[in-house]
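Residue strings, one per chain:
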Amino acid sequence: MIRWLALLLAVLATISLFIGDGTFALPDGLILWQLRVPRTLLGMLVGGGLGLSGAVLQGALRNPLADPGLLGITGTAGLGAVIAFYWGLAATFAPALPAGGLLGAGIGAAFLLGFAGRAPSGPSLILAGVAVSAIASALLALALTLAPNPFALTEITFWLMGGLGDRPLWQVALAAPAILLGGALLLSLGRGLDALSLGEDTARSLGVPVTRTLQLAAVGTAFAVGTGAAVAGSIGFVGLVVPHLLRPWLGERPGALLPAAPLAGAALLLTADMLVRLAPMLLPLSAAPPVGVLTALLGAPFLVAIARRSAP
Amino acid sequence: MFLVLMGFGFAPAAHASAARVVSLNLCTDQMLVLLAPEKIAALSPLARDLALSFVAPQAAHLPVVRASAEAVLELRPDLVLAAPYGAQTTLALLQQERVPVLRIALPHDFAGIRQMTRLLAATLGVPQRGEVLLAAMDARLNRLPHPDHELRALVWEPRGLTAGPGTLMDAVLRAAGLNNGSDGSRESLETLLRHPPDVLVVQTASAYPSIATSLLDHPALAGVARREIPPALTICAGPFSAEAAALLAR
Chain A
610 MIRWLALLLA VLATISLFIG DGTFALPDGL ILWQLRVPRT LLGMLVGGGL GLSGAVLQGA
670 LRNPLADPGL LGITGTAGLG AVIAFYWGLA ATFAPALPAG GLLGAGIGAA FLLGFAGRAP
730 SGPSLILAGV AVSAIASALL ALALTLAPNP FALTEITFWL MGGLGDRPLW QVALAAPAIL
790 LGGALLLSLG RGLDALSLGE DTARSLGVPV TRTLQLAAVG TAFAVGTGAA VAGSIGFVGL
850 VVPHLLRPWL GERPGALLPA APLAGAALLL TADMLVRLAP MLLPLSAAPP VGVLTALLGA
910 PFLVAIARRS AP
Chain B
2 MFLVLMGFGF APAAHASAAR VVSLNLCTDQ MLVLLAPEKI AALSPLARDL ALSFVAPQAA
62 HLPVVRASAE AVLELRPDLV LAAPYGAQTT LALLQQERVP VLRIALPHDF AGIRQMTRLL
122 AATLGVPQRG EVLLAAMDAR LNRLPHPDHE LRALVWEPRG LTAGPGTLMD AVLRAAGLNN
182 GSDGSRESLE TLLRHPPDVL VVQTASAYPS IATSLLDHPA LAGVARREIP PALTICAGPF
242 SAEAAALLAR
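Protein sequence lines, in the order shown, are assigned to chains A and B. Residues are numbered in the working numbering as their position in the first sequence, beginning at 1, plus a constant of 609. Residues are numbered in the working numbering as their position in the second sequence, beginning at 1, plus a constant of 1.
One should not assume that every hint holds.
Taking CB as the label site, the calculated pair distances span [unchecked claim]:
#	chain 1	residue 1	chain 2	residue 2	range
1	B	Pro64	A	Leu894	43 to 49 Å
2	B	Pro220	A	Trp613	34 to 40 Å
3	B	Gly167	A	Leu762	27 to 33 Å
4	B	Gly185	A	Leu907	32 to 38 Å
5	B	Ala137	A	Leu751	45 to 51 Å
6	B	Thr205	A	Ala747	31 to 37 Å
7	B	Gly167	A	Leu751	38 to 44 Å
8	A	Ala909	B	Pro64	27 to 33 Å
9	B	Thr205	A	Met610	53 to 59 Å
10	A	Thr701	B	Arg67	51 to 57 Å
11	A	Trp858	B	Pro232	51 to 57 Å
12	A	Pro757	B	Arg67	15 to 21 Å
13	B	Thr192	A	Met610	35 to 41 Å
Some chain B residues flagged as far from chain A (calculated, every beta-carbon gap over 10 Å) [stated by the list, open to error]:
#	residue
14	Pro64
15	Leu76
16	Arg77
17	Leu107
18	Pro108
19	Arg144
20	Gly167
21	Asn180
22	Leu216
23	Glu229
24	Ala247
25	Leu248
Listed below are several chain A residues computed to face chain B (Cβ distance under 10 Å; list not exhaustive) [claimed, not checked]:
#	residue
26	Pro636
27	Tyr695
28	Phe767
29	Ala909
In case anyone wonders, no lab produced these hints; they're calculated from the structure. Ideal placement from N, C-alpha and C gives every residue a C-beta, glycine not left out.
Using the sequences and the accompanying hints, generate a full structural model.
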């Protein structure tokens, strides 16, 4: 399964390099290395981080609706990045942009962890996430309204819906280390998550440090999605959908999903991004729509289906 | 009565005696400061913005007013200058109160600039000042070097918009001896790089970033020659548009 997913991802990444603005061909070196390679890498990194953290959160919280977007973590990450970017901090010190995203994601994850510790029931945790998400997008709109650049407010779509286009390679390079670090941390949690799926008391009796596992899941998620949201905005539903797509193949055990989840997340986001880039060639559109529009359109019906299935 | 006032407003020299003039548009603000600073009752607040206004240093010491009928009426103006768009509800209210309103059509080329400057100078009773401004503008334009072979220039604005034929920037490019490579359509970063212009014309970066304005500094553009113009010189047409052409003709 892993091998097939890796092969699929390699094929998709190759095709992605061929898709341009109005053309389907391998471009000259400049456009290839400065535009299409960064876009493809960014899609794989962000999608991988979202897919993996979705699988970890669903396992750790034992909730099939858990997702870094629905829980508000990508929202607070975007808020942190907006504050670091529009007031010029990132212009004078470039790492401030991913750092802002990381800090925002950390605050969102810490809040949910604190909430999960006190009220571990599934629906109330999702509601808390929805509240965090709503506060984050309200503060995001406020920050963009107050931002000194006149174009800032029109960029709210990017921060709420996400996008992978025209980001310079150095921004992708700045975001990558945290995503890879967070990913490595999350991948190491498999055994703990397997034990947690039997309930916290059982996990404890098996010698699994439950609190520590949850803390590491929160920290790992903040790293895996925080810097990505700072560069690509809040792309929703990838983390929600990926574990559900994998379960029919790999079973219910969270540990079994983890190695496949980043590959599936990367493949899913890359596919969505290729579809939005092809859209202006097939439909009467003047520009490619934000990639988050497509992931939301595909992901939201999924959410309804899951909610229906898990309804008592 | 309404119609009479509208016609009255457009007759040049009819307001030569106007002593208290209010401008509610950035473009008429700049013309008013250049032509008749002593008659200013108030300018629009944008006139003081260093990033947008050519006359910001002078406007810093001049009164400003928001486009609100109440605030403008309090100034008891003899004449209100405005554009054909923006603040139209305020202007309608002012006209109801019998304040003469002059809507200036904003020009898109140097012939239009001459016409607008003469109209405003006559309206404000200072025709000779208008001629002085235009003579300086024409002298500036005539001194610009004219290259033998024309370079293909592209004016690239945030969000990928370009200045096509019929725009002020098109006239500025031609005055600078450059060939406008735009047909007015949008250019993405990739389509621009596929056929890079000889000269990329962009606005001087503002002090604070946005994604749209940061795109103008994308590293993939490092190999394209660029010339920068401060937006204060290009937002409005006026005798100072010659300065924009001078910045491009190098």
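*asked:* Taking the earlier hints as the rules, which of them does this structure contradict?
replied: 8, 10, 22, 29
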